[in-house]
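Chains A and B are the protein sequences, given in the same order. Using full-length UniProt numbering, count along the first sequence one by one with no gaps and you end on 424. Using full-length UniProt numbering, count along the second sequence one by one with no gaps and you end on 422.
Incorrect hints may appear among the rest.
[What the hints assert, rightly or not] Example chain B residues on the side facing chain A (calculated, C-beta under 8 Å, incomplete):
{"no.": "1", "residue": "Thr78"}
{"no.": "2", "residue": "Asp252"}
{"no.": "3", "residue": "Thr254"}
{"no.": "4", "residue": "Ile320"}
{"no.": "5", "residue": "His327"}
If you are wondering where the hints come from, they were derived from the structure by calculation, not from laboratory data. The structure presented is a predicted model; accordingly, all values stated were derived computationally and were not measured. Beta carbons are placed, not taken as given, at the ideal position from N, Cα and C, and that holds for glycine.
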Amino acid sequence: MSLLSCACGNKETKKRRAKNISTASIGSKDGSPKTAQTEQQPQEGEEEVEEDMEQIDAAQVQPDPLQYELYAVIGKGHSNISTITLAKNTATDSLVAVKRVNLELWPGELRYLQNEMAFTQMLSHRNVLPFYCSFISGQELWAVMPLMAFGSCRDLIHAYFTSGLPELAIKLIMRDVIAAVDYLHYRWVIHRGIKASHVLISKSGRVCLSGLHNAFYTIQNGQRLRTVHDFPLHAADCVHSYSPELLEQNLAGYSFNSDVYSLGILLCELANGQAPFADLPATAMLLEKMKGTKPHLADSTTVSEFVIDEDAEYPPAEGMEDQPTSSQERADAIFFKRTFAPQLHDLAAACLERDPHHRPTAGQLLHHPVFKSIKNCASSVLPSQLQPVTPLTDQSNIPKDLTMDDDDFSRKMSEVSMLEDWVF
Amino acid sequence: MDPEEFSGASFLFGDQNAAALDLFYDGAEDGDLVIHRVESDQVVYKPQRQKVKMLGKYLVGGMLGEGSYGTVKELLDTESLCRRAVKILKKRKLRKIPNGEQNVRRYMIMEYCASELQEMLDSVPEKKFPVWQAHGYFCQLIDGLEYLHSHGIIHKDIKPGNLLVTNDECLKITDLGVAEALDQFAWTDECRTSQGSPAFQPPEIANGQAVFSGFKVDVWSSGVTLYNITTGKYPYEGDNIYKLFENISKGDYTIPEGVSEMLSDLLKGMLAYDATVRYTLQQIREHPWFMKYHPRLCARVRIPPRPEDPEDTLRSMTVIPRLNSMHYGDEDAEEDGEVEDHIQDLAASHYQEANNQNESFQIQDHTVPFEHQSSLEAIAEDEDASQGMPEKAGAAASDGEVKVKKGKNRNRKGKFSSCKQS
């Protein structure tokens with residue numbers, strides 16, 4: 001039952017840890033608009049405020065399954081083995097998301113789940129998805145998390161923004177994700193799974209990075225590793241976001257800047273509506289990355305090039321010819337109409353540098369010129385940018401009815417489109 | 001992949017309308033290029049696929065090592081993109097193992113390892129590691145050995161050639177081909193047979209004792225290994241196996257000058273003639289040399305580049321060119337003007353194909369015992385060993401589908417290797 005002890009580490013320790021971690025604040029779970037601070041270094045977070053919020057959380061959220069009324073499944077994670085359920089915390093009458101994993105059905109090693117729990121407890125940053133608590137209930141491991149009402153960025157793309165999010169939204173999301181990654185690196189953690197389905201957005205526009213199950217702690221046996229050689233085996237769905245040096249698995253290994261490459265992939269995914277090489281089989285993706293093919297954002301400056309690329313680089317290789325050209329053409333038309341800021345292209349190019357030594361660090365990226373334009377722009381602006389997609393809470397204010405009419409609710413859910421997995 | 005598309009590669013040169021040349025290599029003969037002239041209308045373009053070989057979900061890459069048992073090739077898991085290695089046993093070898101053809105599959109898929117200690121030793125003129133590096137490997141060796149012994153497995157063939165190193169310098173014990181699993185209910189670690197490499201055999205085996213302690217055999221051979229990787233020499237040498245065993249049974253060896261007091265004390269403990277006073281693994285762990293921190297005074301011996309590709313200092317994936325032909329046919333090869341190389345590759349792959357399909361065709365010189373054991377000797381894997389090996393100790397995790405069904409009888413592989421080492 002080491003899992004129990006790990007997963008349910010008591011709140012005392014958590015608070016103590018939170019004190020040690022000099023950084024940043026966890027916003028209240030409905031995502032208080034403490035956004036003006038995002039431009040600051042995370043280390044400058046206000047400790048007092050944070051302390052208070054921790055206490056509130058601790059008091060309100062008990063590791064007791066009876067405290068939560070489960071409503072509807074809003075997503076699946078871990079290749080469909082875990083379910084994310086919308087639930088109401090009866091103590092506070094607030095909505096939360098509960099991730100449940102049936103440990104009996106869990107095929108892999110429990111260490112992998114423990115990893116996620118341990119990391120989440122170890123970290124505290126307003127842009128890293130926290131767990132309020134986690135506990136074992138029957139055969140299931142429950143993790144109670146804030147409800148991220150807009151779902152993941154993948155969901156957003158799926159629901160409406162099939163050819164990419166609006167530029168301002170991209171910038172806001174990237175800024176917060178980079179802040180989270182910078183924090184992780186500062187805590188010696190390599191995320192290794194940065195992709196759109198791991199970026200969640202709350203009702204108020206707070207952006208949270210999740211998916212820590214694939215993370216790697218670079219301090220092993222009391223020693224800090226300069227390079228890492230561990231190849232993540234349990235997350236085949238993350239393969240497309242891996243950096244070339246991670247995929248290469250040679251003597252050079254990889255390091256924190258592997259995450260920076262994945263940030264570039266995320267940026268492309270947010271902007272183009274599809275991750276680069278996502279339509280290729282994994283082996284072809286590997287080949288492209290090894291060759292140094294540099295993905296880019298599709299807009300009027302690149303789209304003509306983009307079309308040619310499509311023709312030239314992906315000849316009738318397997319699985320390619322059956323792609324309907326019409327949808328591609330339609331997407332191209334949309335791409336052609338828009339023009340991203342040159343700085344945004346620059347950001348993508350900097351992240352997607354083939355040679356890891358030429359990539360900037362996450363900390364340097366925070367000061368990238370692209371974020372100057374949104375310096376005074378709080379992330380509370382984000383929800384307005386995401387219209388017409390509405391957050392989940394707007395549709396579920398009357399939970400009582402929902403319990404009675406599950407089908408109706410799930411139909412409503414489908415409007416937000418949860419077809420794509422929430423991979424927490 | 002597709003045998004239909006296998007009929008020689010077609011290369012188109014220059015103008016499509018003009019006559020095109022169809023070069024193709026006749027695989028059976030060495031080095032003879034046959035050039036046929038073919039009219040352009042007869043040329044049918046076929047995507048060149050012959051280099052792409054799949055083994056289940058694995059894409060087969062270049063050769064990692066070769067030995068008397070067969071070959072070790074690199075693999076790429078096409079789903080997770082993880083590098084793997086496969087040991088392909090020769091059918092002939094399988095036949096030598098009683099019930100081998102039924103019990104042992106030909107392919108054993110294992111973790112990818114970058115190099116082996118022997119190869120690293122051979123890459124430096126003094127044939128030894130700096131003390132701190134040797135210490136690191138030795139600690140891992142003892143960890144792994146302790147794990148094996150805790151499962152009642154006696155390796156019996158510990159030597160630098162059977163110790164692999166991963167990309168992150170983690171040591172892996174491999175080749176359980178002559179290992180013995182003790183009976184689950186056995187009271188003692190009594191063994192009666194051993195077919196390990198002669199230079200690493202303890203006196204009780206050299207003397208031909210009928211019954212001896214299995215664990216102490218591994219301690220001895222670990223001692224010889226430690227002696228070897230710290231000094232570059234062997235405690236006992238001999239021109240042939242008889243001389244060698246004679247020397248071992250005499251029990252006279254010297255520890256070269258320059259070896260620290262502490263280390264020579266440990267070596268003496270591990271190479272004690274009498275197996276009953278020889279150190280146990282626990283005693284080794286408690287030895288001051290083992291526990292000491294060894295400062296990194298000199299540079300480490302690095303994993304050398306592959307002999308086939310001296311420029312690839314990082315030992316990168318060998319499957320990349322194959323991926324290229326898998327996804328883009330041979331267009332790239334033509335564009336890059338690599339046709340020459342290409343043909344040579346083709347020849348090589350043809351040749352390999354022939355070998356694989358027609359085993360009786362294979363000629364290997366077995367007159368010199370174990371000539372071929374130099375390179376990645378044996379990444380043999382035992383089911384027992386592969387079950388949940390800890391990272392440090394682990395011989396690799398077999399990948400499920402392709403596994404060796406362990407039969408104790410495999411012990412009879414009869415391998416008197418490395419006589420020539422002395």
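Checked hints:
A hinted interface residue such as B/Thr78 counts as satisfied when its beta carbon comes closer than 8 Å to some beta carbon of chain A; here the least separation is about 5 Å, so the hint holds. Hint on B/Asp252 is violated. Least Cβ distance to chain A is approximately 41 Å, over the 8 Å limit. Look at B/Thr254: its Cβ only gets to about 37 Å from chain A, farther than 8 Å, so that hint breaks. At about 5 Å, the closest approach between the beta carbon of B/Ile320 and any beta carbon in chain A falls short of 8 Å, and the interface hint on this residue holds.
The beta carbon of B/His327 is positioned within 8 Å of a beta carbon in chain A (closest approach about 5 Å), and the interface hint is therefore held.
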